[in-house]
Every structure is written in C-alpha cells, then in structure tokens.
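Keeping their order, the protein sequence lines are chains X and H. Quick note on numbering that gives the first Met the number 0: the first sequence kicks off at 0 and runs consecutively. Quick note on numbering that gives the first Met the number 0: the second sequence kicks off at 0 and runs consecutively.
Note that these hints are calculated values from the structure, not bench results. There may be inaccurate statements among the hints.
As the list claims (entries may be wrong) - With the Cβ distance kept under 10 Å, some of the chain X side facing chain H (calculated, not the full set):
id, residue
1, Val17
2, Gln37
3, Gln38
4, Ser52
5, Val63
C-beta: ideal position from N, C-alpha, C; glycine also.
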Amino acid sequence: MSEFDFVKKMQDDIPEDVRIYVKKSMDILDRLHELMEQQGIMQKELAERMGKSEAEVSKWLNGVQNFTLKSLSKLEAALGASIIEVPCKRNRLQKLLTIKVYRGEAKPHYLSEFKKLETPKNSNGSDHATAA
Amino acid sequence: MSEYTDFNKRLSSNEANKNELNIINAVIKEIGERGALPRYFTRDEKNAYALPPKQEKYFIQSDDYGIRLYCVVLNEQIVFLVNGDRKKTQKATDPVSNGGKYFYMANSLHEELIKDKLNKIINWRDNDLEIDDDYLVNIKG
C-alpha cells in the first residue's frame, strides 16, 4: 500500500462517533471564542461571571472538553446566548399546527397571530386553502 | 516514508492506541477545514505544538500523558505534521521521555525554518509556501 493510501485509510477508518465527538467539541470551542469576541470579554471576566476560577475557564477555552450539560448551561447563562441547539419535539409540533391553520381547519385561539394564514370564505360560504 | 506516516504506522500496530490515533486524525481533518488556530493544539513546552488538543484530566494517568503528535505551525494555513509517541513523563524534555526525540525534532525544524526565512532562503505567506525543489533542512533529533 502506498504512503498516500495508508494515510487515506487511516482517515477513512475513523469511526463516525469519534468524528462527531471531535467536530462537536471543536464547534463548542469555536462558539465560546466567538461569543467572547462579540462581547469583548476575556477569560477572566467570563470566570467572574460564572464564579469559577480562571484556570478552570482557561481549560474550557483551550482544548476539547467532555462538557457536562450543567457546565454548558452555566456557560450559556454567563454569555447570555445559546451554545448548543437541540432539535426538540415542541418545535416540530409548532410546524404541524401551522400547517393545520393553513388548511383552514379548526384554529386554536393561541394561534390567532397567524392572521395571514386564515382562510377566506368562498362565495358559497365554504372554507378553502390559499397559498400565503 | 514521511514522519507522519511513520507515526501512524508505528503506533497503529498496537490496538490499544487506536482510539487516541482516531481522535488525532479526526482533529487534523477538522483543522484542515477551520485553520490551525492555537486553541486546537496542546502547547505545554517551548515552541512545540502538539495534537491532540488538551483533554479531560481523566484521560491522563500518572505515567501516561497520552499520545502526542508534534507539529510545526507556521501560520493558520501551513502546518508540518512531524512525528510523536506516547508521552510518559510530564516534560517531553525529560531524558526518559520516549516522545522527547520527536519533540526536539519539531523544535529543531521550527528553528531552522524560521532561520531560513530570515535568510530569505524560503518564505511563506497565507497558504503559500515558497520553497525550492532541492531545499534541504538539517534538523536534530
């Protein structure tokens, strides 16, 4: 096997879970740096906001960490912004409800803000769907 | 054979190294897309940059600091992957450290490249490395 093929095989053989772990860890690391840059703060201020030692925060900002959900929540609270997003059931349901209104079916009162999606009456009085 | 291939061949012959090698190689792939930012490397000693990035403490045992691949980082877009080994002592400069040889090799390569750049023998800017085909660098290690 050529040297090029060997190195390629090493790359190709990386298990998918390891790829995902490394990618997500580096995404979180980059996101933390991005938020701090946007807010113009250094690790010392972030540590103060979190009530943590600067050494601990430095560890999070320099390397890939196996963050606990608790640590991520503390970081999100301290930076006032989202670091990770999870596609959740609530968001999917909202989409389904929106489609129901669009089709002129029963409209829950809490969706009244979707006025532009309400169906106009036909001359014969029946509901029909229109494209928004 | 390149130093990086030697590193992979030598260490992958032991199944116990597989997971650590996978992480290092996955990080290299990500760096290829994101650029070689300092935070992606471990920088404990001298000018040496090493992979993987710093990780949780549980990963480190008293006589095992994990596998290190030493690198020379010229800028965010040019990185030389050198060689490495399992780091058994806290300092790579420790005479009994088996990674020491590669640590010195990376440091020496870094020093020589900087020297040759100052002497206008080679040059680099962004992702452009200007180097003659017959360029040779003598490094210790």
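So, going through the hints one by one against the coordinates:
{"no.": "1", "hint": "Val17", "verdict": "holds (5 Å)"}
{"no.": "2", "hint": "Gln37", "verdict": "violated (17 Å)"}
{"no.": "3", "hint": "Gln38", "verdict": "violated (18 Å)"}
{"no.": "4", "hint": "Ser52", "verdict": "violated (15 Å)"}
{"no.": "5", "hint": "Val63", "verdict": "holds (5 Å)"}
Hint compliance for this structure: hints 2, 3, 4 are not met, and every other hint is.
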